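J.: Sequences listed follow chains A and B, in order. Heads up, the first sequence is in our numbering, so the first residue is 1 and it goes up one at a time. Heads up, the second sequence is in our numbering, so the first residue is 1 and it goes up one at a time.
Treat each hint with caution, since some may be false.
To be verified - Taking lysine-lysine pairs in the BS3-like style, the calculated list, with each CA pair at most 25 angstroms apart, reads: (1) Lys251/A x Lys50/A; (2) Lys107/A x Lys237/A; (3) Lys50/A x Lys186/A; (4) Lys248/B x Lys120/B; (5) Lys120/A x Lys248/B; (6) Lys186/A x Lys120/A; (7) Lys98/B x Lys120/B; (8) Lys123/A x Lys70/B; (9) Lys186/A x Lys251/A; (10) Lys120/B x Lys107/A; (11) Lys98/B x Lys123/A; (12) Lys234/B x Lys70/B; (13) Lys237/A x Lys120/B; (14) Lys123/A x Lys237/A; (15) Lys73/A x Lys186/A.
If you are wondering where the hints come from, they were derived from the structure by calculation, not from laboratory data. Only a predicted model underlies this, so the values are computations on that prediction, with no experimental measurement involved.
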Amino acid sequence: MAMTTAWVRFRHNGATGFGTLAGDRVDVFEGDMFAQPTATGRQLALAGLKLLTPTQPSKVLALWNNFGQLAAKLNLARPPEPLYFIKSPNSYLDPGETIRRPRGDPKLVFEGELGIVIGKTTKDVAVGQAMDHVFGYTCANDVTAVDILQRDPSFAQWVRAKGFDTFCPFGPAAVTGLDPATLNVKTLLDGVVRQDYPISDMRFSVEQLVSMISHDMTLLPGDIILCGTSVGVGSMKPGSTVEVEIGGIGKLSNRVE
Amino acid sequence: MQHWIRFAFGGATHFGTLEGDGVHEFDGDMYLAARPTGRVLRLSEVELLTPCQPSKVIAMYNNFAELFRKGEQRIPAEPQYLLKPPNTYLGHGGVIRKPTCDSRIIFEGELAIVIGRNCKDVSKDQALSFVFGYTCANDVTAADILTRDPSFPHWARAKGFDGFCPFGPAIATGLDPDGLVVRTIVNGSVRQDFPVSDMLFPVPELVSRISRDMTLSPGDLILCGTSVGVGVMKPGSTIEVEIAGIGKLSNRYE
Chain A
1 MAMTTAWVRF RHNGATGFGT LAGDRVDVFE GDMFAQPTAT GRQLALAGLK LLTPTQPSKV
61 LALWNNFGQL AAKLNLARPP EPLYFIKSPN SYLDPGETIR RPRGDPKLVF EGELGIVIGK
121 TTKDVAVGQA MDHVFGYTCA NDVTAVDILQ RDPSFAQWVR AKGFDTFCPF GPAAVTGLDP
181 ATLNVKTLLD GVVRQDYPIS DMRFSVEQLV SMISHDMTLL PGDIILCGTS VGVGSMKPGS
241 TVEVEIGGIG KLSNRVE
Chain B
1 MQHWIRFAFG GATHFGTLEG DGVHEFDGDM YLAARPTGRV LRLSEVELLT PCQPSKVIAM
61 YNNFAELFRK GEQRIPAEPQ YLLKPPNTYL GHGGVIRKPT CDSRIIFEGE LAIVIGRNCK
121 DVSKDQALSF VFGYTCANDV TAADILTRDP SFPHWARAKG FDGFCPFGPA IATGLDPDGL
181 VVRTIVNGSV RQDFPVSDML FPVPELVSRI SRDMTLSPGD LILCGTSVGV GVMKPGSTIE
241 VEIAGIGKLS NRYE
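Work out the full structure, taking the sequences as your base and the hints as a guide.
T.: In structure tokens, the structure reads:
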């Protein structure tokens with residue numbers, strides 16, 4: 001099995017830091033996580049840390065209609081190019097924090113997703129070079145207020161419905177050394193598995209997504225591309241716990257209020 | 001009234017106020033408490049950058065009554081908005097590069113609101129106290145990308161190519177937005193000329209309603225939308241968005 005490393009960002013004694021997670025301890029690093037960070041030799045117990053989102057993206061893009069199984073269910077044709085939208089920065093949420101229902105109590109759904117973490121400045125890269133620009137992978141939940149999405153018949157409110165504060169938890173770590181084609185995404189609601197789908201069912205592979213999107217937009221280290229979700233999307237009520245689990249990465253857990 | 005700019009000089013980034021040709025350098029926090037350093041440079045000595053670094057730029061879709069005068073569309077009940085990602089930000093004088101996609105590229109001259117304080121759930125009456133000032137913007141759009149896929153309006157891509165959000169040249173504070181007029185001039189010819197007072201959701205409404213959905217941070221922009229007169233930009237053109245009281249944002253398209 002390939003060597004994987006789980007990079008985490010955390011708060012400890014009022015200061016922010018980062019390092020690698022192994023079991024219940026974190027080896028603290030310094031410098032730039034994406035550019036040869038140096039080990040400090042210090043270790044901290046995970047229990048004493050507040051985990052943060054593993055990166056601070058300049059942008060988070062999210063795919064729509066990228067899984068064959070869901071497309072078949074919704075009767076959607078395969079798009080010739082990736083279709084994506086933007087998760088607004090105010091929506092980013094740390095692991096363990098609470099997803100808050102906006103005023104008006106719209107119905108919320110979970111969408112468990114794989115997040116691609118970019119590791120280098122990426123523009124106009126060929127498919128064959130794309131993987132070199134990927135740092136690793138993380139778990140994410142593309143929380144959506146479904147009623148708001150189609151409320152206005154003249155304008156689908158993608159940004160708003162998916163961009164409320166707290167609507168984009170991601171983490172708990174950014175893991176390097178993984179082969180995305182072998183990954184499976186599971187979403188659990190109050191301990192019950194609601195989604196369980198393979199990344200191999202993606203219409204556009206990781207390298208295709210990174211390459212094609214980089215022809216439109218320069219991607220920066222820390223930027224995240226959420227790969228889209230598959231079947232099993234469902235609603236979350238206040239008081240629930242929603243978890244997105246990807247074997248090899250970990251479990252992203254958040255409460256809903 | 002002041003005109004705040006961000007600029008590069010001597011290998012570092014600074015900010016200050018612009019008075020005619022003079023750049024008065026400040027330090028501290030532009031939105032909270034800034035003090036002059038005493039250094040005054042000439043505009044020609046510095047490189048103008050975007051006047052702020054937004055965590056996000058929200059762009060209004062249909063927000064001008066003129067667009068609805070033909071009666072074909074229903075007036076929206078709530079602000080309809082999109083996002084311009086950070087790779088689109090471009091300063092005054094920067095070059096908008098033609099993307100490789102196959103599409104007409106259009107200009108959309110707009111007024112941009114610059115947020116000055118963290119705001120969430122602010123009332124209409126309080127909203128203006130959270131606004132730092134105003135600047136000019138061009139919500140450049142690849143029109144044909146938008147509807148290429150009939151099942152999904154590809155806003156993020158159509159409005160998200162590198163350099164597709166020039167804004168500046170400065171942030172003007174102490175202005176009343178109601179009296180402002182937005183003009184877009186392409187190769188010296190006036191193509192748009194519309195009053196900000198024609199907005200469906202005026203500044204306090206936009207800030208108040210959007211702040212109910214999303215926390216807005218200092219430096220965030222809300223582009224107020226464009227009115228009639230949008231058109232295609234051809235490579236080699238100079239596009240200017242001019243708002244009297246703020247200044248003239250000028251960019252080439254190549």
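J.: So, for every hint listed, does it hold in this structure?
T.: To see whether the hints hold, each was checked on the structure:
1. Lys251/A x Lys50/A: Status holds; Cα separation ~15 angstroms.
2. Lys107/A x Lys237/A: holds (8 angstroms)
3. Lys50/A x Lys186/A: Since the Cα atoms of Lys50/A and Lys186/A sit roughly 24 angstroms apart, the hinted pair holds (cutoff 25 angstroms).
4. Lys248/B x Lys120/B: violated (31 angstroms)
5. Lys120/A x Lys248/B: This hinted pair is violated, its Cα atoms lying about 35 angstroms apart.
6. Lys186/A x Lys120/A: violated (28 angstroms)
7. Lys98/B x Lys120/B: At roughly 37 angstroms apart (the allowed maximum being 25 angstroms), Lys120/B and Lys98/B break the hint.
8. Lys123/A x Lys70/B: violated (42 angstroms)
9. Lys186/A x Lys251/A: holds (9 angstroms)
10. Lys120/B x Lys107/A: Holds, because 21 angstroms separates the two Cα atoms, which is no more than 25 angstroms.
11. Lys98/B x Lys123/A: holds (14 angstroms)
12. Lys234/B x Lys70/B: violated (28 angstroms)
13. Lys237/A x Lys120/B: Satisfied, since the Cα-Cα distance of roughly 23 angstroms is no more than 25 angstroms.
14. Lys123/A x Lys237/A: Between Lys123/A and Lys237/A the Cα gap is close to 41 angstroms, so the pair fails against 25 angstroms, i.e. violated.
15. Lys73/A x Lys186/A: holds (19 angstroms)
In this structure, the hints that do not hold are numbers 4, 5, 6, 7, 8, 12 and 14, in rising order.
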